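Engineer: Read off the chains here:
Protein chains: 2
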Amino acid sequence: MWNMKQLEYGALARRANQIKKELRQGVRRPYKEVIDVFQGDLHRAGMKPLTFVRQVLAACVYPPLINSSNLPLDVRQRAQEELGRCVGGSVGSYSAAPGIPEIIHSISEFIKRRDGGIPSHPENIYISPGSQWSISNILNVLVNREASPRTGVLIPVPCHNKTVLSITQLGAVAVPYYLSEEQGWALQVEELQRAHESAKGVCNPVALYVINPGNPAGYVQSQKSVLEVIRFAWEKRLFLLVDELYQDCVYGENCEFVSYKRALSEMGPPFSGTVELASFHSVSKGFSGECGLRAGYVELVNLDPAVMKHIHTLFSKDACSPVLGQIALNLMTDPPKPGDPSYLLYKQEIEQIRTVLVHSVKKVHEVVNSLPGFSCPPIEGGLFAFPRLHLTPKAIQKAKELGLQPDTFYCTRLLEEGGVFTGPGWEYGQKEGTYHIRYNTSRALFKVHH
Amino acid sequence: MWNMKQLEYGALARRANQIKKELRQGVRRPYKEVIDVFQGDLHRAGMKPLTFVRQVLAACVYPPLINSSNLPLDVRQRAQEELGRCVGGSVGSYSAAPGIPEIIHSISEFIKRRDGGIPSHPENIYISPGSQWSISNILNVLVNREASPRTGVLIPVPCHNKTVLSITQLGAVAVPYYLSEEQGWALQVEELQRAHESAKGVCNPVALYVINPGNPAGYVQSQKSVLEVIRFAWEKRLFLLVDELYQDCVYGENCEFVSYKRALSEMGPPFSGTVELASFHSVSKGFSGECGLRAGYVELVNLDPAVMKHIHTLFSKDACSPVLGQIALNLMTDPPKPGDPSYLLYKQEIEQIRTVLVHSVKKVHEVVNSLPGFSCPPIEGGLFAFPRLHLTPKAIQKAKELGLQPDTFYCTRLLEEGGVFTGPGWEYGQKEGTYHIRYNTSRALFKVHH
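If you're matching them up, the sequences are chains L and H in order.
Just so we're aligned, residue 1 is where the first sequence starts under the numbering used here, counting upward by one.
Just so we're aligned, residue 1 is where the second sequence starts under the numbering used here, counting upward by one.
Note that these hints are calculated values from the structure, not bench results.
Since this is a predicted model, take the numbers as computed values, not measurements.
Wrong hints could be hidden among the right ones.
Where chains are identical, the list cannot tell them apart; a pair therefore holds if satisfied intra-copy or between any two copies.
No more than 27 Å apart at the CA atoms, straight line, and that leaves these computed lysine-lysine pairs for DSSO-like [unchecked claim]:
{"#": "1", "residue 1": "K317", "residue 2": "K21"}
{"#": "2", "residue 1": "K400", "residue 2": "K32"}
{"#": "3", "residue 1": "K21", "residue 2": "K112"}
{"#": "4", "residue 1": "K398", "residue 2": "K431"}
{"#": "5", "residue 1": "K20", "residue 2": "K48"}
{"#": "6", "residue 1": "K309", "residue 2": "K20"}
{"#": "7", "residue 1": "K431", "residue 2": "K317"}
{"#": "8", "residue 1": "K236", "residue 2": "K162"}
{"#": "9", "residue 1": "K162", "residue 2": "K317"}
{"#": "10", "residue 1": "K431", "residue 2": "K347"}
{"#": "11", "residue 1": "K398", "residue 2": "K200"}
{"#": "12", "residue 1": "K317", "residue 2": "K20"}
{"#": "13", "residue 1": "K21", "residue 2": "K309"}
{"#": "14", "residue 1": "K48", "residue 2": "K347"}
{"#": "15", "residue 1": "K347", "residue 2": "K362"}
Please put together the full structure from these sequences, using the hints given.
Structural biologist: As C-alpha cells, this is what we get:
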C-alpha cells in the first residue's frame, strides 16, 4: 500500500521559492525568471480572467458600479440579481451553509442541461471552498477510524498527492490501482479487480476514487469505461468519488466527457438507484480558472438519508463558502446567453482559451516525444503532461548517490540549470522502476498568445 | 459534561426560513418581515461595508478599474500593490498555503503595533478561511483520538455552539466552566480550578478555550483577569486557545481590550517562554464585517517545532484561503493613513459604526432591563446581548408540555408572533434552571441610522 513517507514532498517548491527570491535580489543565474509549470493554475500560467465574470464580481463587491455606464447592461443587471440573493444585499454577509439557494438551483439546472435532461436535485448539492475540501469532508464520513481492518479507498496511480494525503490522514488505507500507461493511461477494470483483491487482509475497501479527465495523466474515459467502473462499484458495493474538475478540458479527437451521473442514470435499475456517487466540480479548473476564489460543488446521488444528514452537519461547521466564489460558480454554470450584450466577448474569450489549451497540448506532445529519453501518450484532457523519463543507469546511480529519487534528481537539475519548476513523478505514484515528471501544459503558449 | 444531543439545534432557523418564504409568497402575518438578529453579521444587520475596502477589492477583481479616475488615487495604488503580490497578477491564482507572504508580514506589523511593540513573527501566522476553520484544525492537532482517558478542552458556559461541536466531533470532551452572570459574566479563576478538578477521571484536559470580548455574553476581560488565566494555564500546562475576534468591539466604560499575546510577553519568564498560545482574529467581526469573504488569521506562540510542522501540513491541505479575503485582511490590518485621499472617509465610516454599536448596546441594555421578566448585566463588548429570562412556572410548565426547552418556547413565540428571530440560551449552555436568549444588538439601530 501507499507509503506515507513518500508524501514528505515540497522540497522542490521550497527550492524554487528560494531561487525566485535570489533572482529578485539580483543573484545571477543562466535564466532571469523561474518558469513555474508545477501547478494547474491558468491565471498563474498567464491566462486572462473572463471579462464577464470579473465585471459582475467587481460590481457585486462595489455596488455603485451597478450604475456605471462603463459596464455592459447585462453585467449590471446580473450583479443586481446576485446581490439580491445575498443577505442584506452584501457579499460580506454569511450565506446559508450549503450555499446560496438560488445558486444551488442554478447549478442543478446546469447539471441537468449537461446530462441531457436527467434531473438533478438542489438538495443533493453542496457548495464548498474548493473541491478538495468536499473530498476531505466526504471521506471523513466514509472512513471509520475505529474499524478493524481499516477502511480502504481505491485510488489511481498516478494521482494527485493531496487526495492520497486526505485518505491517509484519516487513518484509512489508500489502495492503489495502476492506470495503463501503455494504453494511454486507460483505467482498466481488471486492474480494479486486482487492486480490490490485494486489499484482502489489509483493509476493507468502501470507496473508489476516480478522476476524469485525468490529473496528472491526461486521459479521458470513454463511455464504455465509465459504465464498466460503475458496474464494478456496484458489484463491490463501493462508494464512487468522482473528480470531474476538468470536464471542460477535453481535447482528444473522438474524446467526449461523459459524466458518471448521466451514465449511472442511463444504466437504469438496479444500478441507477443503488450506486452511491459524489461528483465534484469547481470554478478553479474550468475556463474561468478562478482558483483563488475557492469555490466548488459536490452533487450526491443515492446516499442514505442518515449519511446525508451527517454530511449536512459537516458542511455546516465552517459557516459558509466564500460568497464571491459562489457567485463565480453561478456565472460559470449560468453564463451569458446569445443576444446578451456580453455574449460575444464571453464566447470569444472561451474559444481563445480552448484554442490555446488544444494547441499547447499538441505542441507539448510533439516536443516531448521528439526529445531523446522522453515518451508521452496523447494528452486527451486535463491541464497536465506526465511524460515518462527514460533515465540512463548512470543518471539513476548518480541520483542514488545523492540520496534522491531519480525523477527528483532530474527535476532538480531542470530547476537549477534551466529555471523550470516541475513535479517529480514519485510524488504522484508510478510503477516501480519508471520515472516521470508532471507539468502544466498551458504556460508557454499563454505567454505567447498575450 | 456537555450533552451532544443538546446540539441538535437549527429547528428555529428552519422555521424562520419557512416564515420568510411564506411572507414572500404573500401569506399574511402580524409582521411584514422577519427581523433576523440571530447571527453576528454586521452587513446582514444593515451596516454598509467600508468604502475603501470595497473599492480596493473591486479594482483587484477587475483591474481596468485601476485606471478609472472615479476611484481615489490611493485606492488605485493599493489595488496595484495587492495585485503585484498575487501570482500572475490575478486574485484568481492560488497563493502560498499559509497566505500571501507580504500580507502575513503586514499582519505581524499590525499585531506589533497593537501590542505596544512586542514582536510578532510572520512564520507564526497562518491565514485561514475564517477563524472557526483555524480553531477546528488546531484542535485536530491537540486532540488525541486514541487517548484513554479522552482529551479534554475547557470551554466557557455560555459559548458559541460551533466551538463545542468542533471539540465533540473530534471525540474530545468539552469541560464547561461557568462564567459568573452575577459578576457581569466575569471569568473567575476559582471556577477554572473547579472545572479542571471536575475533569478528573473523565478526561485529560490539554487546552483552555477563552473568548474575549465575549460571545454570547458581552464581557471584556480586565488585564488582571487575563494574567490570572495565563497563570492558571501555565500551572495546569494547558494550551491557550484565545478567540479575540471582537477585539475592536469594546464599549464599556473603563474597559480596554488586552491581548493575551501582550499580557503573556509582559509577564516575562517562566510564563512568556512556555505557555502555548493560539490567538484568532478575522475580517468578519471587526468593523469591516466581511463574513462572506471568509478570512481570518491565527498567531501561534511558544509552539513546539514538531507541532508547528503538523499545523503547517494541516493548513496546507486545502490549497489556500480565498485571495480576496486575504486582501481584505490586509486592508483591515493596514488601513489608510492620515493624509491618504481615502483616510477621512474611512475614519468617518469607522467612527459611525462605532457610534452605532455603542448606542445600540446602551439602548438594548436600557430597554431589556426595563422589561418585566428580563435582566441583563452591562454589555461591555462583542456584538450580542444574552439577557436572562425570568420565566413564570406556568410558562415553564407549558414549554414542557410541548416538549420544548423553556427558552426555545419563548424564542418560538417571539418568532411566530413578533417575527423576531433570536437564539435560545440552551444552545449556548447556561446554568441549570436559568433561561436566556441571544441576539445581535446592532440590527435595530443600523436600520435607523441609514
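Engineer: Each hint should be assessed against the structure and marked as holding or not.
Structural biologist: Now the hints, each set against the structure:
1. In this homomeric assembly, K317 and K21 come within 27 Å of each other (Cα to Cα) only across copies, at 24 Å, whereas the closest approach inside a single copy is 38 Å.
2. In the homo-oligomer, the alpha carbons of K400 and K32 never lie at most 27 Å apart, since the shortest distance is 30 Å inside one protomer and 75 Å across protomers.
3. In this assembly of identical chains, K21 and K112 lie within 27 Å of each other by CA distance solely across copies; the values are 25 Å between and 48 Å within a copy.
4. Only within a single protomer do K398 and K431 lie at most 27 Å apart by alpha-carbon distance; the minimum there is 20 Å, versus 69 Å between protomers.
5. In the homo-oligomer, the alpha carbons of K20 and K48 lie at most 27 Å apart inside one protomer (23 Å), although the nearest pairing across protomers, at 41 Å, exceeds that limit.
6. Taking identical chains as interchangeable, the C-alpha atoms of K309 and K20 lie at most 27 Å apart only when they sit on different chains, with a minimum of 23 Å there against 47 Å within one chain.
7. For the homomeric pair K431 and K317, the shortest alpha-carbon distance between copies (25 Å) is at most 27 Å, but the shortest distance inside one copy (39 Å) is not.
8. Taking the shortest Cα distances, K236 and K162 sit within 27 Å of each other inside one copy (25 Å), while across copies they are farther apart (37 Å).
9. Within a single copy, K162 and K317 get their C-alpha atoms as close as 22 Å, and across copies as close as 7 Å, so both meet the 27 Å cut-off.
10. When the C-alpha separation of K431 and K347 is checked against a cutoff of 27 Å, the pair qualifies neither within a copy, at 42 Å, nor between copies, at 62 Å.
11. Neither within a single protomer nor between protomers do K398 and K200 lie at most 27 Å apart by alpha-carbon distance, with minima of 38 Å and 58 Å respectively.
12. Taking the shortest Cα distances, K317 and K20 sit within 27 Å of each other only across copies (23 Å), while inside one copy they are farther apart (38 Å).
13. Proximity of K21 to K309 under the C-alpha cut-off of 27 Å is restricted to the inter-copy arrangement: shortest distance 23 Å between copies versus 48 Å within a copy.
14. With identical chains, the CA atoms of K48 and K347 are at most 27 Å apart within one copy only, with a shortest distance of 14 Å there and 36 Å across copies.
15. Taking identical chains as interchangeable, the C-alpha atoms of K347 and K362 lie at most 27 Å apart only when both belong to the same chain, with a minimum of 22 Å there against 56 Å between chains.
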